[in-house]
Structure formats: structure tokens, C-alpha cells
Amino acid sequence: MSASRTAVSRSLLTPFNIVAGLILAVGLVITVMRFTGGLGAVTNLSDYNPWGLWIGFDLLVGVALAAGGYVTSAACYIFGLKRFHSAVRPAILTGFLGYALVVFALHYDVGRPWRLPYPFIVQPGTTSLLFEVGACVALYLTVLFIEYSSAPLEWLGFRKARNLVVRLTMVLTILGVVLSTLHQSSLGALYLIAPSKLHPLWYSSYLPIYFFVSSIIAGLSMVIFESSLAHRYFHDKMDETHRRETDGVALGFGKAASLVLFGYLLIKVIGLAVDNNWHYLTTGWGAWYLVEVLGFVALPCYLYAVGVREKNLTIIRRTSGLAVLGIVLNRLNISLVAFNYHLPSSERYFPHWMEIAISVFVVTVGILAYRFIVTHMPILYEHPEYKDAH
Amino acid sequence: MSISRRKFLGWMGAAGLGVTAGTKARAASNAHFEGYPNSLAVLHDTTRCVGCRRCEAGCNKVNDLPAPATPFDDLTVLDRKRRTDAESYTIVNRYGAGGEGQAPLFRKNQCNHCLEPACASACFVAAFHKTPEGAVVYDASVCVGCRYCMIACPFEIPTYEYDKALAPRVMKCTMCHPRVLEGKLPGCVEACPVEALSFGSREEMLKIARERIRKQPERYVDHIYGENEMGGTSWLYLAGVPFRELGMREDLGVTPAPKLTSGALGAVPIVVGLWPVLLTGIYAVSKRKDKIAEEEKRQAVAQAVEAADQKAAEAMAKAREKAEKEKTGAIDKAVKEALAEAERKAQEEAAKAAAEAAAPTDDTAEGPEGTTPPAPSDPKPTEEDA
Ligand code: SF4
Ligand code: SF4
Ligand code: SF4
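Line by line, the protein sequences are chains A and B. Take the first sequence: its position 298, counted from the start at 1, is 298 in this note's numbering, and no numbers get skipped. Take the second sequence: its position 176, counted from the start at 1, is 176 in this note's numbering, and no numbers get skipped.
No wet-lab data here; the hints were simulated from the structure. Using N, Cα and C, we set each Cβ at its ideal position, and we do this for glycine too. All clues stand as given, with none of them false.
Coverage of chain A stretches by chain B, computed from C-beta distances (three or more under 8 Å per stretch; other residues unrestricted):
no., segment
1, 114-125
2, 178-190
Estimated spans, in silico, between C-beta atoms of each pair:
no., chain 1, residue 1, chain 2, residue 2, range
3, A, Leu368, B, Gln303, 53 to 61 Å
4, B, Arg288, A, Tyr386, 25 to 33 Å
5, A, Asp236, B, Ala300, 37 to 45 Å
Okay, chain B solo, but in the shape it has when bound:
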């Protein structure tokens, strides 16, 4: 334990003072939230961790969790990879053992108490919140059990009491928030025999971590895991090997989780505001189109009726005309025929007379040729349609 109780209580006070400023920083829309000032954090120096599982035991005790299946001093459980579950807020895993002369590496795993927690941003009853002291705490009295927080957490920390029928809860490390408020240390930190865990203000922890890296560059990789991962966390890690060899993801990026969804959430007012207007517009257009179409239809019908009327009238007129023409044609024809008949008769008579006259004289033979009656011109009725 590198931090004295008194110093620690001093930080607590400062953390309390910082509440207002922190809230403001978060409210500012585009501001990058750097965490509550003077909030607390744990630094886990994995190069010091010996894999004794005392932190697990300490956590189990201070949180009144059920007794484990295998006792905490049984280190054979380290042979397999474990994760947090509904009965253990924290677990220690062994990594990289087995290499020639390579000492085994250990890492303790628990909630990282993100500065801008994915779990809190995902919960639809706001069951999680980041306290100004640094812990991300959960309120089982409102939790619906949708488990979206578990989907959201990039560190795969929250667990669920799947075997409880009536009041299943999400279970995760509380950073011992109740104890911290009482001025006590987190159970795991208190239990650690080799000071692989330190507790204090996040600023202070970062300072210590940088100091260790600077003093022993051969012992540490030059990175403090949690300083910026997912926007920063209140649990910080130092390591002697790349963090992925300790089973930690290095591809999480530095974007805090709420930023990942803010675009989609921001679209809501736009959709709510714009859609009805657009849709009503489309409706109006399609209705107007309908109306125009109807109007056109009406006009077309009217025109068609008119045209039909006109056509009928024309046809009637034509028929009348035709009838008249036929009538006059018939009269003409009759007259002509009568005339032709008369003429023919006259000619015949003339021819007879001529023949009688020609008996004595021959030279009038060409007479009837010159008087051939003209063919009566046929008064054809006009049948073409208009």
C-alpha cells in the first residue's frame, strides 16, 4: 500500500468538490469528457502480480459473494482461462507460461470503470452510472434484465444471474464503492500482498505509472493500458509484454462508447421532424396527381362526348345530304334516261325514215353515225366518310 489513509481521504474531499465541474463538462455537447477531476482509480502493475488469488478472496469476502467451488488457495484453476461470472467480480488468469525459462505472467480482470462507460450508455433504464468518485455502479432495483449492457461492454465484464428465476441481477465489480465512501480501500487492493494494486486519484496513478516506466524502461512496455482505451478507464495497467499477450484487446481504439451511437441518436429528431413533412408532401403531390388525373379524365370524357355529338351531327348532315343527292341524282337519272330514250326513239325514227328515204338514194348512210346518243353520265352518290 503506497498511499496513506489520510492522503486518500483528502482525495475523497477533492472528488466531492469536483462533482459540479464534471457534470458541466459532460453537458457540453462536443466537449471531450476527461473524467471527473480527482476521481479515483486503481493501478494494476502486472509485472508485480504473482497470481496468488488473494484479491479474488478479498473481493469475495467484502462483497459477500457465495463461496467458490474451489477454494481461493487452490492455484490449479489458473490452468484454464476464466472470466468474471455471476459469483466472482474479479478473476486472475495466467498467461504466457511455458516458454523456456519464461516466468509466468498474471493479470487480474474486473470492471475497468470506464470514464464514459458503454454499459451506462447502453442501459435503457439508466441502471448504471459513473460516480464522481470513479466507480461505475449498478442499481438492480430498476434493471429489466435486457442484458444490452453485456453486449455493449468492450471488456466483456458484466455477467448475469441466469439461474435466478425471479430477481436475476447483472453482477460486476463495484470498485467497492460503498467501502470507498466509508474511506476504506477496495477489498482486492487491500488484500494484495505484493502491491500489484495501488489505489488513489487517477491523476496520481497515471503519474506513478509514468514514473515506473521512466525508471525501469526495460521492465515495462511504454504504454499505460486504460489511459485512453475506449476514452479512458479508472483501472489502469502496466505490463512487461505487449498487452495482447495478457489477453487484452489492443484494437479497441480511443473513442468513448457513447460517441459510437451519438450519430444514430442524433438522427431521431431529424426523422421525427422531417419525415412527417416529407410524407405529407408526397401525399399532397400524389393526391394532386390523382386530382389532376381525375380532372383530365373528366375533361377527356367531356371532350369525347362532345366529339361524339359532333360526329353524330356530322354524320346526320351527311346522311341527309347523301339522301338529297341520291334523290336529285335519281331525278336527273330519270330525266336523262327519259331524254335519252326520247332521243333514241327520235333517232330510230329518223333512221327508219332515212332508210326509207335511202332506198332510192345511198349517200345518207353516214347520217346515223354522227348522231349516236351520248352515254348518260352516272351520278354516283358520294360515299367517302368525313
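For reference, chain A alone in the conformation it holds in the complex:
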């Protein structure tokens, strides 16, 4: 008894836990400052730059990277790729956590977070794309929660409720895809209203389509990326099926990601041609645009293809990291870098360190929650009592 207790307390003082603890402590202090001193006390936001890192990273990147949930469950349940089954639960979990964190982070960003339900209960502004985003994110978070709930229900042993949830799988999956299509694309469409503020290379009437298609890339790449991380750190939590299927998932998703990246590249070029924006490519903005499109779209597209052809999992896993970075870059370019491009540099925005600290804090909360859940609940393995029940 006592021996095991000391073992536990010793294992709690890992470097990881110490760093995580520090981040949480700093985050909590800044949280207090934010809610007592207002946004101005902890951010560099201004009247010219009303949206900063908390929207660019926490909302736009967060939602894009949480796309793994709908992409994987659609592949498995709708497109009938049963061999990806073991990837569904971890993807749903990260999706659910991702969206939960997005909503959590929004409480820091909006001026009066306790009014977040107002658009739905007091006065809907249906002409706003933000309304669409809000409604779909709220609904999708619910859907993800129900989808994910089969794991804690198994953990807790609520057989009946769990079976009901599993029976709803198809409906939830379709609902999830519809809601994801809507809000992933409307996040891009948010910027449609500001053609005069977003650099023409990034502004396009195709923005909603770009955001939707790139969310598929983000989803596929995140599943590969996460599974390689999970393999490193939670190998002992995985069952045989999961370990066996992971390589197949990486190959299958890598192939799909390569194709979607190619399509994405194609519509990007079409967008350039339609708006006749070629001449911007020779400017400084053009160089930066080319870095994004060639280095983080074309290159991963090619590398994925090579990895799949040579069945080289190392290439595929590294490429997934590159592709994820590409999505991050794209979202930050649109929300921060190329937004307000017309303003003098003195009026431009750069995040305050406390904004960065809160973003890191939010991600840390997510990682801790993930770790708790996969070490306690049947995510990376199938619950022995429900093995055949899929």
C-alpha cells in the first residue's frame, strides 16, 4: 500500500508535470487579471485590431485541427472504411476536447462571456456568419460529446446508455459532417465581409471553400500526427487491434491527405486566376504567400505521395507535422498577418506575452485532459466487455 503510494507521488513529479504545473499557475494568474482588469490589461488588442491570437489561434486553428473527429468518423462509418475503426475513438476524443477548449478559450476573448448564449436565447443575428459559426459549434460540441460519451459510459459501466449511444452512431456521424461543413467553411466566410482589410492574395470569395477543404487536410493530418505521438507516449494503453491498424490508418489517411492537398492547391490556383491576382506574387506579400502555398501545401502533398508509394511511415508521420503547421500558418496569415495589411506598422498587432501564455495554458489543459482520459477510459483499446459490439 504505502509502497505504491510513494511510487505514485514520485511519478507525479516528472519534468512534464512540473512544466505543466507552472503553465497552469501562470495561466490562472493571468485569468484573474483578465477578468478583473479587462481585455486591455492582458492583450495588445486595439480598435484597429479587435481580433488577436485568441481568435487566430485558439478559434481558427483550434477548430481546424479538431476536424479529425468528423473526418475519421465519416471515413469509417459513411464511406465504410472499417479498417480505420480503431482511429475513430481517439479522433472523436481529440475533436471533442478541441471544441471544448475552443469554447473555453472564447470566454477569455469575448467582452462579456456570460452572454455567449444570447445570440440563441435573446436575439439572433441571423445575417451574421458568426451566428452560423456559433450555432454549429455549439451543436457540434453536443454531438461530439454524445459520440464520445460511449467511452466514459463503458468506463462507468452504464451498459444501456452506452448501447443507445452506439445505436445513434450513423445519425450522429451525418449530423457531425453537416455541422462541420457549415462551421468550418463559415470560419473562412467570416472574412468575406472585410475585402478592404485582408490582403487580396488571401481574400477570395472562395474563402469558405478553402477553409472547408483545408479542414479535411487538417483532420487527416492531425489523426496521423496524434497517433504517432500517442504511440510514443501511450503505447502500453493500446490494444493489439489499435497497434495493428495504426500503420494502415497512416497509409490510408496519408494517401487521402495527399489527394486533398492536391485539390486544395488546385483551387488556390483557380482562385488566383479568377481574381487575376498574379501580379501580387512578385511583391513581398507574394513571397510570403508562395512560402505558404509551396512550402506548406505543395510540399506536403508531394511528400505524402512519396511516403504512401514507398510505404514509408516515417515520411508520412513527419509530413503530417508539416501539413498541420501549414494549416496553422494559413489561419494565422488570414487572421493576423495579412489582415490589416494596409495599416502602418505602428498600428499593426503583435500578441502580448500574456495572450501567448493563455493560448499555451489552454493547450496544456487540453493535453492534461487527454492524458487523463486515455489513461482511464477505453480510447486506445476496446473495452473487453464491448469488443464485438461494433
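Here the structure of chain A is known, so what remains is to put chain B with the ligands in place on it, guided by the hints.
Below, chain B with the ligands alone, put in the same frame as chain A:
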């Protein structure tokens, strides 16, 4: 002040009458909304503006805004570019000063009260609305503080109370809507000492502006800023230099903001309607494919089993046949061997007899050659597989 109080009140009445028609015009799906009829507007003639900041002071007073850091009669603030902020709904900036003998130019900045406001279209709690009188007003009691209105406004007007923790508001010029409803003039218009600001119905303001351009073409550029920009605004500007030299964007176009997002919003019902059907279709196909695959698998298995059975039977039959053949072969062989043996013995005996007989006679020597026994044909068992 070029407009009398009585005339002004007359417009107010007309504006009230116009409400119904305006709403209808907006409801019509593809119609171009030209603003509420008889709605009010301000005309800012920048060629008359002297940069005295009285409008700023007037605005500050009528809106009960906090006292500024530098008093309004301190004109040194004009040395740097300012913008509207949470404590000032309007500011005056100086432009183009310093050129040889060039008089400095001034422009007052505030909300332009767009006919189809970007801020209102962007707000997800509908906190903004365009009043029939012309003002775009904001309702802080529902505002969530997402600041999307600030992203959306092409004129970079709305500001936010970033320093308030509990009840931060979006702050912007109200076109003095409460005062206008009381029949008073906007604070800034009332305060202007040189009539650089005029207030009246938008139609009337446009008429006045055109009249001034026509009368003094050398004084004005032939453009009324706000007549069509972003679909038209209720704050109109005249200038003696291209508007970009007054820090105004000339690349905004004439498309009203709601049109920019209507396509994306219109796609919602399509996605909601079509996606589930398509996805269910794909699901059905993939399920059917699964089913067919399963069926085929079952058939293949059955066939394989059948084939295996058949093969086994064939093999058995063959084995039996082979065994039989071997048996008969063995008998044949034995018989043949026996026959051959018998023959050989007979020949040997015959040869012996012949030799004995040949002792006296030599000419029967070729006898044994002609009777050489034939080699027994080997009855090889058939081993080829079927
Ligand atoms: S100028 Fe900006 S704040 Fe004023 S009505 Fe137009 S969009 Fe709204
Ligand atoms: S900040 Fe307030 S007024 Fe502006 S869009 Fe958000 S909810 Fe609407
Ligand atoms: S109309 Fe009223 S609120 Fe607007 S700038 Fe003039 S005084 Fe200020």
C-alpha cells in the same frame, strides 16, 4: 446652419411615414436597398473645415463622454493622426499640410451610418440596427463583445472599451439619434462654427452637394463620397482634393456589405438539405458494396468448398483407379513374366535339344535366333494428375 428647425421637423415626419416602404424594400430578396426614403444625413464639406475641433467638443458634451486628456482647444493634437476611440466618437485630422503655400486640409471622422451597415450585418446578436431616421444605433444590453462588428466595418469606426472588465461596450457615433428624435441637431453639427457640417434629408444633402460642385467646379472634385461607397452612407463628404489625400479609401467599391456574405449564408440551407441525402447515399452504396462483397465472399467460400469436395472425390476416384490399374498391371506382369519364363524354359529346352540334335547336323544353328522371347511391355501406372 442652412436648415431651419421647422423644415427639419417636417423631414422627421416624412421619415416616420417612410418606415413601411423601407422595410418592404429591404425584404425584397434581390432588390437594391436605396435607404429609407427621407432618412436624414450629414454633409461634411471638407473644403470649409478649419480644424477647430469644436465638433469634437460638442460631441463630447452631448454624449456625456469623459473629459479628454488634452483640452479641445489644444490644436497640437492635430500633429498626429488620430482615430475614433472608446472616449471619442469623432475626431478631426489634418492632411496634406506642409506643401508650398498649400493650406492644410481637415476632415472630421465618425461613423458614416451606412445605408446597409456592415456592422449590423455582422453582429450575431443583432445589436446594431439602421433606424428609419438614418442613424445606425447600438444596443449595449445584448452585446456579447465578440468585436466582429469592428472587423466588419470598412471605415474602421467602432471601438471597444478594452479597459472595462465587467461591462465593456462598443462605442461609436450615434448620429445623435436620441437628440434627433427630440427634434434637435446632432451635437457636432450644432457646434460647427463654419457650416462645414449640414444636416437634413439625404436627398436634400445630395442635392446641395451637387449644387456646390456645379457652382464651383474649381473648388471641388466631382464626387460625393458616401453617395455610393459600400452601397451608400448617411454621412456625405465633399472635397477639393482626391479623397485618398484625406485618408479616405477609394477602393471600397459600391457593394453593400451584406451582399458580400449573402452567398455564403445562402449555401447553408443547401448544405443542410443536400449533405444528409448525399451522405446517406454514400453510406448506402458503401454498405451495399460491403454486402455484395460479403455475398461474393460467401459464394466464393461455397464454391471453394464445393471445388475442394469435387477435387477430393476426383482424387479418390483416381487413386482407386490407379490402385486397380496397379493391381491388374501386377497380375498382367506376373502372367507375362510367368509366360516369358515358361517360354524361356521351353526355348532353353528346345535349344538344348537342338544342340543335342545339332551335334550330328550343323544347319539348325539359326533356330534359336528366330525365337528370341519378346521383352515384356512394362505396364507403367498412369501417374499424371488431373
Ligand atoms: S461606418 Fe462602420 S460602424 Fe458606422 S454604420 Fe457603417 S459599418 Fe457601421
Ligand atoms: S461586439 Fe457586440 S455589437 Fe459588435 S458584433 Fe459582437 S455582439 Fe455585436
Ligand atoms: S453625430 Fe453626434 S455622436 Fe456623431 S459625431 Fe456628431 S455629435 Fe458625435
